[in-house]
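Undergrad: Whole structure, please, built from the sequences with the hints as guidance.
2 protein chains.
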Amino acid sequence: MNAVILSIGDELVLGQTVDTNAAWLSDRLVACGVMPVMHVSVADDRGAIAEAIRDAAERTKLVIATGGLGPTEDDLTRFALADAMGVELAVDETALGAIEEFFRARGRTMIDRNRVQAMKPAGATMLENPLGTAPGIRALIGETTLYFLPGVPVEMRRMWELHIEPTLGADGAVILGAKINTFGMGESDVAEKLGELMARDRNPTVGTTVEGGVVSVRVRSAGDTNAAARRELEATCAEVEKRLGGIVFGHDDATLADAVGEMLKRCGRTVACAESCTGGLVGKMLTDRPGSSAYFLGSFVTYADAMKREVLGVGAEVLERDGAVSEAAVTAMAEGALDCSGADYAVSITGIAGPDGGSAQKPVGTVWFGLAQRGRPTVAERRRFPGERDIVRERSANFALNLLRLRISDQLL
Amino acid sequence: MNAVILSIGDELVLGQTVDTNAAWLSDRLVACGVMPVMHVSVADDRGAIAEAIRDAAERTKLVIATGGLGPTEDDLTRFALADAMGVELAVDETALGAIEEFFRARGRTMIDRNRVQAMKPAGATMLENPLGTAPGIRALIGETTLYFLPGVPVEMRRMWELHIEPTLGADGAVILGAKINTFGMGESDVAEKLGELMARDRNPTVGTTVEGGVVSVRVRSAGDTNAAARRELEATCAEVEKRLGGIVFGHDDATLADAVGEMLKRCGRTVACAESCTGGLVGKMLTDRPGSSAYFLGSFVTYADAMKREVLGVGAEVLERDGAVSEAAVTAMAEGALDCSGADYAVSITGIAGPDGGSAQKPVGTVWFGLAQRGRPTVAERRRFPGERDIVRERSANFALNLLRLRISDQLL
Numbered sequence: 000m001n002a003v004i005l006s007i008g009d010e011l012v013l014g015q016t017v018d019t020n021a022a023w024l025s026d027r028l029v030a031c032g033v034m035p036v037m038h039v040s041v042a043d044d045r046g047a048i049a050e051a052i053r054d055a056a057e058r059t060k061l062v063i064a065t066g067g068l069g070p071t072e073d074d075l076t077r078f079a080l081a082d083a084m085g086v087e088l089a090v091d092e093t094a095l096g097a098i099e100e101f102f103r104a105r106g107r108t109m110i111d112r113n114r115v116q117a118m119k120p121a122g123a124t125m126l127e128n129p130l131g132t133a134p135g136i137r138a139l140i141g142e143t144t145l146y147f148l149p150g151v152p153v154e155m156r157r158m159w160e161l162h163i164e165p166t167l168g169a170d171g172a173v174i175l176g177a178k179i180n181t182f183g184m185g186e187s188d189v190a191e192k193l194g195e196l197m198a199r200d201r202n203p204t205v206g207t208t209v210e211g212g213v214v215s216v217r218v219r220s221a222g223d224t225n226a227a228a229r230r231e232l233e234a235t236c237a238e239v240e241k242r243l244g245g246i247v248f249g250h251d252d253a254t255l256a257d258a259v260g261e262m263l264k265r266c267g268r269t270v271a272c273a274e275s276c277t278g279g280l281v282g283k284m285l286t287d288r289p290g291s292s293a294y295f296l297g298s299f300v301t302y303a304d305a306m307k308r309e310v311l312g313v314g315a316e317v318l319e320r321d322g323a324v325s326e327a328a329v330t331a332m333a334e335g336a337l338d339c340s341g342a343d344y345a346v347s348i349t350g351i352a353g354p355d356g357g358s359a360q361k362p363v364g365t366v367w368f369g370l371a372q373r374g375r376p377t378v379a380e381r382r383r384f385p386g387e388r389d390i391v392r393e394r395s396a397n398f399a400l401n402l403l404r405l406r407i408s409d410q411l412l
Numbered sequence: 000m001n002a003v004i005l006s007i008g009d010e011l012v013l014g015q016t017v018d019t020n021a022a023w024l025s026d027r028l029v030a031c032g033v034m035p036v037m038h039v040s041v042a043d044d045r046g047a048i049a050e051a052i053r054d055a056a057e058r059t060k061l062v063i064a065t066g067g068l069g070p071t072e073d074d075l076t077r078f079a080l081a082d083a084m085g086v087e088l089a090v091d092e093t094a095l096g097a098i099e100e101f102f103r104a105r106g107r108t109m110i111d112r113n114r115v116q117a118m119k120p121a122g123a124t125m126l127e128n129p130l131g132t133a134p135g136i137r138a139l140i141g142e143t144t145l146y147f148l149p150g151v152p153v154e155m156r157r158m159w160e161l162h163i164e165p166t167l168g169a170d171g172a173v174i175l176g177a178k179i180n181t182f183g184m185g186e187s188d189v190a191e192k193l194g195e196l197m198a199r200d201r202n203p204t205v206g207t208t209v210e211g212g213v214v215s216v217r218v219r220s221a222g223d224t225n226a227a228a229r230r231e232l233e234a235t236c237a238e239v240e241k242r243l244g245g246i247v248f249g250h251d252d253a254t255l256a257d258a259v260g261e262m263l264k265r266c267g268r269t270v271a272c273a274e275s276c277t278g279g280l281v282g283k284m285l286t287d288r289p290g291s292s293a294y295f296l297g298s299f300v301t302y303a304d305a306m307k308r309e310v311l312g313v314g315a316e317v318l319e320r321d322g323a324v325s326e327a328a329v330t331a332m333a334e335g336a337l338d339c340s341g342a343d344y345a346v347s348i349t350g351i352a353g354p355d356g357g358s359a360q361k362p363v364g365t366v367w368f369g370l371a372q373r374g375r376p377t378v379a380e381r382r383r384f385p386g387e388r389d390i391v392r393e394r395s396a397n398f399a400l401n402l403l404r405l406r407i408s409d410q411l412l
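The listed protein sequences derive, respectively, from chains A and B. First residue of the first sequence: 0, per numbering that gives the first Met the number 0; consecutive thereafter. First residue of the second sequence: 0, per numbering that gives the first Met the number 0; consecutive thereafter.
Since the hints were derived computationally from the structure, they do not count as laboratory data. It is possible that some hints are incorrect.
Remember, identical chains collapse to one label, so a pair may be satisfied in a single copy or spanning two.
Once the Cα atoms are required to be at most 20 Å apart in a straight line, the calculated DMTMM-like pairs of lysine to aspartate or glutamate come out as [unchecked claim]:
id : residue 1 : residue 2
1  : Lys264    : Asp409
2  : Lys192    : Glu92
3  : Lys192    : Asp73
4  : Lys60     : Glu387
5  : Lys178    : Glu72
6  : Lys241    : Glu231
7  : Lys361    : Asp321
8  : Lys192    : Asp111
9  : Lys192    : Asp287
10 : Lys361    : Glu319
TA: Pasting the structure below:
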């Protein structure tokens with residue numbers, strides 16, 4: 000089964016809000032074996048919404064729409080739906096009671112403006128909204144079922160779980176997806192290694208995306224049953240992992256910080272960081288993950304040279320002679336962080352994120368990385384990353400985490 | 000003039016990636032006086048892309064499409080465009096040379112797979128991509144101009160500025176927008192203060208959005224000429240700022256870190272941080288801004304209690320008696336950061352970001368903030384933020400930056 004996702008609202012079409020609902024709904028539909036074939040966003044314009052509803056209903060048997068069910072003058076979805084169905088609106092007394100109760104329970108009186116939220120096109124069904132005043136609507140146009148949900152993400156998600164998901168994908172054809180995340184090789188080199196696995200007409204399909212230096216391989220498997228789709232998915236994922244080897248660090252939403260965190264937890268070791276150009280980003284990434292206090296001790300964000308000297312003990316002569324972006328400085332930073340924190344590992348970063356501060360010898364994008372470990376020689380590596388400040392910083396943070404990952408994984412073997 | 004924005008890629012339609020390009024392009028189109036009327040996303044399916052291109056071309060005089068121009072087998076946009084135009088593809092020798100040069104400059108050889116990126120439909124024009132290997136394409140279908148850009152945001156944005164923006168909005172009716180950013184008051188209280196300015200039928204229109212505790216007021220002004228739209232925009236913005244007073248910290252894309260950075264630069268002072276639950280986020284935010292080395296010295300990310308003790312000198316008895324999330328601890332952290340860094344100001348954060356670690360006395364979301372300044376008593380404040388880990392962390396970082404902003408702005412008066 001295919002589906003169209005329709006997002007309604009001026010703020011979307013004018014670019015004031017990024018539409019995260021469509022991606023969330025698509026992800027859930029795919030998990031239920033329904034293939035989203037199109038996302039459409041239209042403005043708060045009664046005619047445009049009605050046309051989009053009719054178009055979508057002609058295209059597929061399932062339409063999920065969000066937005067435009069509120070009480071204000073720019074909430075026009077119910078009117079447009081009635082137009083598309085060719086019927087009138089009428090008050091639903093049960094829904095009206097529920098809205099009044101919603102206000103009463105919060106010690107407020109329903110204002111008249113909210114009355115419109117109890118109106119539905121003749122023949123349509125109201126859907127309860129446990130988290131807000133806007134009920135949803137289910138309607139039929141020809142053989143197509145259309146669901147209309149509020150645009151507020153938390154309300155929309157709860158109503159999806161309550162009213163839509165239970166009706167889908169009990170059995171029959173399904174599509175399963177998986178993502179394999181890699182770091183350390185460019186996208187076209189990854190594609191080269193995957194070769195014929197990326198052929199368009201293959202099932203499961205295999206594609207790649209890239210962000211912050213992380214190349215993700217996306218596998219999607221269609222099957223007549225869940226078991227069949229799962230079997231094919233796992234076989235392809237195993238083949239992808241075999242071809243890519245050590246650059247694979249995790250699956251699905253796992254980040255490099257997740258991979259590093261898991262490994263540190265497994266071996267009971269700790270890490271500290273010394274950051275200059277990333278300004279705290281590595282620490283932020285490591286602590287995005289709940290429970291990171293088990294292995295992350297802290298980060299010395301030594302942005303000023305004086306901090307590198309006084310907090311981490313980087314020699315004044317090193318900063319004088321080689322500069323803050325140098326092998327000697329990054330090595331001293333890593334060793335200083337190791338000593339000051341008592342951690343088992345310390346990673347350090349110092350570089351020129353730009354746009355200013357570059358020179359012929361050290362152009363913008365030049366970044367040094369250090370990795371110190373008790374009883375092992377400290378290593379340092381230099382890279383030059385293309386792109387703007389935030390891109391250089393994100394790539395740098397990921398590179399440092401990957402350096403640590405490779406070291407720990409060597410030692411876990 | 001109206002426009003349709005077309006986003007191409009399985010990852011979008013399947014919900015694996017949120018489409019931020021469409022919102023960005025819409026925002027820019029609006030600024031040029033072009034009204035986006037629809038966003039459409041389709042999968043990497045040659046037939047579906049060709050149909051979407053034809054549909055969009057019938058609907059408006061301007062189509063901006065992104066995605067599907069890469070070198071892999073699931074990059075089908077150029078083929079679909081040729082189908083929609085009813086022409087063949089041919090190699091563009093200039094584009095081929097540019098791609099070969101892109102690889103040569105990076106010390107690599109172009110692999111055969113990248114050749115396809117030099118192909119364009121007969122009659123179309125290649126658009127230079129200064130940041131990647133995928134050139135864009137400009138084409139005509141009937142009287143509609145269609146632009147095809149790569150899906151990688153940084154490449155897409157640069158190419159918009161290079162190839163599209165200069166061709167738009169020279170004169171005639173325009174829509175101008177502005178954003179006024181505030182911190183310290185909830186969205187409904189802001190709306191209450193704005194009152195009738197938020198009426199739907201008013202020009203300029205006024206609306207609010209909220210993210211990370213920052214409530215932004217968006218003003219959009221339509222006018223027959225740029226001068227008329229500008230005049231109305233400025234009058235409404237002035238009225239908004241008058242009503243909101245000291246909670247206003249900046250305009251358009253300015254963040255709290257930008258506001259703080261500007262003020263510190265103006266008064267020639269410096270700041271350091273001591274972070275626990277934010278893990279480096281405040282340092283990261285302050286250094287997102289180029290030139291931040293003029294005022295940001297560094298951040299002590301003391302996630303482990305031992306680091307709070309040994310690096311910042313928080314008393315063992317304080318941690319024992321009051322715990323790490325306490326007024327005494329946050330005060331000692333701020334004062335320790337001030338002493339260790341030699342900065343003029345130090346802000347500190349310690350809290351329970353969740354999901355675990357909460358208790359009846361200190362529930363998840365409890366965060367203490369400290370602000371130390373040489374020769375002034377250190378102040379501490381406690382807040383409790385609702386929401387999940389990342390939301391609590393972002394709110395906390397912004398709260399700390401705002402605390403600093405209010406202190407400096409008092410002293411600048």
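Undergrad: Of the hints stated earlier, which fail here?
TA: The structure conflicts with hints 2, 4 and 9, although it agrees with all the remaining ones.
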